[in-house]
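Engineer: Residue strings, one per chain:
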Amino acid sequence: MEILLASAVGILTASGIYLILRQRSFPVIIGLSLLSYAVNLFLFATGRLALNQPPILNKYAEVAYTDPLPQALVLTAIVISFGMTAVVVMIALSAYLAARNDRIDMTGETGEDA
Amino acid sequence: MNHWIIAPIVLPAVVAPFIIMVIRYHRDLQRVFSVASVVALNLVALVLLSQAMDGTIGVYELGDWPAPFGIVLVLDRLSALMVLLTTLLALAVVLYAIGSGWDTRGRHFHALFQFQLMGVLGAFLTGDAFNLFVFFEVLLIASYGLMIHGGGATRLRAGVQYVVYNLLGSTLFLFALGTLYSVTGTLNMADLAVRVAELPAEDTALLRVGAVLLLLVFAIKAAVLPLHFWLPASYANAPMPVAAFFAIMTKVGAYAILRLYTLVFGPEVAVTAGLVGDWLLPAALLTLAVGSIGILGARELGRLVAFSAIASMGTLLIAISLFTPQAATAAVYYVIHSTFATALMFLIADLVIERRGGRLAPTPPMPQGGVVAALFFAGAIALAGMPPLSGFIGKLLVMDASRASAQVWTVWAVILTTSLITIVGMARAGSILFWKSHDHSLRPPDLPEDEDDGAPEAPDHAPEPVPGLAFVPVFALLAALVALTVLAGPVMRYTEATAAQLFAPAGYIETVLQRPGS
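Protein sequences appear in the order of chains A and B. Residues 1 to 114 (the working numbering) are what the first sequence spells out, left to right. Residues 1 to 518 (the working numbering) are what the second sequence spells out, left to right.
Derived from the structure by calculation, the hints contain no laboratory data. In this text, a Cβ means the ideal position worked out from N, Cα and C, and glycines have one as well. Any given hint could be a false lead.
What the hints assert, rightly or not - Short derived list, chain A residues pointing at chain B, Cβ under 7 Å:
1) Ile78
2) Val79
3) Ala86
4) Val88
5) Ala98
Pulled out of the complex, with its shape left as it was, chain A reads as follows:
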């Protein structure tokens, strides 16, 4: 399972970075989403992988439990990346509508001095 999760994080990160380097708004936004999926999986793993264990302490029995904190962190990270994705979509859309061009880099006709 460790190998599966680790390669999932790795593949998601690699695809995300590849897409971000495409420098067009749509692939970049997809790439950012993939990166945030990768980081969410990674955060899950920071509490160590455990199957079928409750995230709470049981004071009546000696039962193993899984660390609840990474789950709370992931929840926060998911909410934030949701909001950020919405914002970046809106800004990218209005930039596209204003400039008729969805390139992320700013060299070219507008120039770096624009």
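Got chain A; can you put chain B on it based on the hints?
Structural biologist: Relative to the frame of chain A, chain B by itself:
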């Protein structure tokens, strides 16, 4: 418990939704509430500073959960100073935005500004690394809105770039926090410090990875050299008053470096000793060099000031990367100077751009050119680090602090050479802007930035700049720089005490981890 500590976060968090939901169609009321909120924050910041002045460390436990389990806000000398610095800057910026009518060129300026204030102040006050991430996101998401305030194609495209770059930074931040958590099992800064010190030597590889990842994140925020690419385009295309407030955002990165790498990965922690300083010092020197060369090469006033912001971050990070109490004293002094000076220059740039456009080429003379030219001259002196303003004292302190370092000659050579380059660059810009502009036969200015302004989102009713008000915050910032020079002695005593507190983290750790109240 001392409830003053959370006031700087709660107040803007309440005012901002109020502005959006209740008075969104009343521009004058928005201005009144925005200014009132910032003035109140200034008073709160003064109270906090007076509490932290004697060295006590205030701890605020959210939800009354004790420290390693709940989130804490911590008030020490450094965070109190940064809070006051932020609120003073916010007052100047919000007055300027009203005086120049910038707040009417798009919607929701004041609400976004309050949210951004909340994020910045929260980042300075929090004692929890994940909470720091959350406040970073709060300040960033507000800054995205402020950055594209007023609209326009170029500004929006620069905004996309800025957002994407910062989202990448946020992802990296989460990876770094995950790595640290997987090694130590905690994200409370004081608890992290304890756990890192106790970590067996064979487990430290991941910790070093986490420490360097975290440094990269803060280096992005602080615009350290290989990661500075977002800054010139963003700041030069943002509305200038917003860029002036962004002067504190790069300082958030510098603050986080200073905080975490003295508290958690301090100089005496064996696993990361020397790791940060060795990497940060060359990067800071390069940042300073590139910033000053950018000043010399800029063909547009906004970019010139943006590069001068990079250069002053370079000087600041040189001081931070030495990681000695004396250097930290200089760094804290320089933070104050650099924030005010950069913001002052951005506001002056706006005065110029509003009158003649930002391009560094001769145009007919501008109205009130004499006053603006004098202000530009003073601002350039402050930024370049010439006497008599505080930049000179700041650079002198940084150079004096670097005498103990092995790199002293490199540091001195870079600081002195870049100061000269900055002076030449500023003199060139100033003479083009103000001296060559006396020829009335020149063609009228084409005002290249006007195509951006107000095009998609016309204001509800005509902007009503308050005459003369725009000059008040500019002179106030200049007065702050003069005060920082005249009162250098008392300020230095405070920054020395701040540095001493930073480099004796035991007090911080004990206060946070052992409940002060019950």
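Engineer: Does each hint hold? Answer for all of them.
Structural biologist: Status of each hint after checking the structure:
no., hint, result
1, Ile78, "11 Å, violated"
2, Val79, "10 Å, violated"
3, Ala86, "10 Å, violated"
4, Val88, "5 Å, holds"
5, Ala98, "4 Å, holds"
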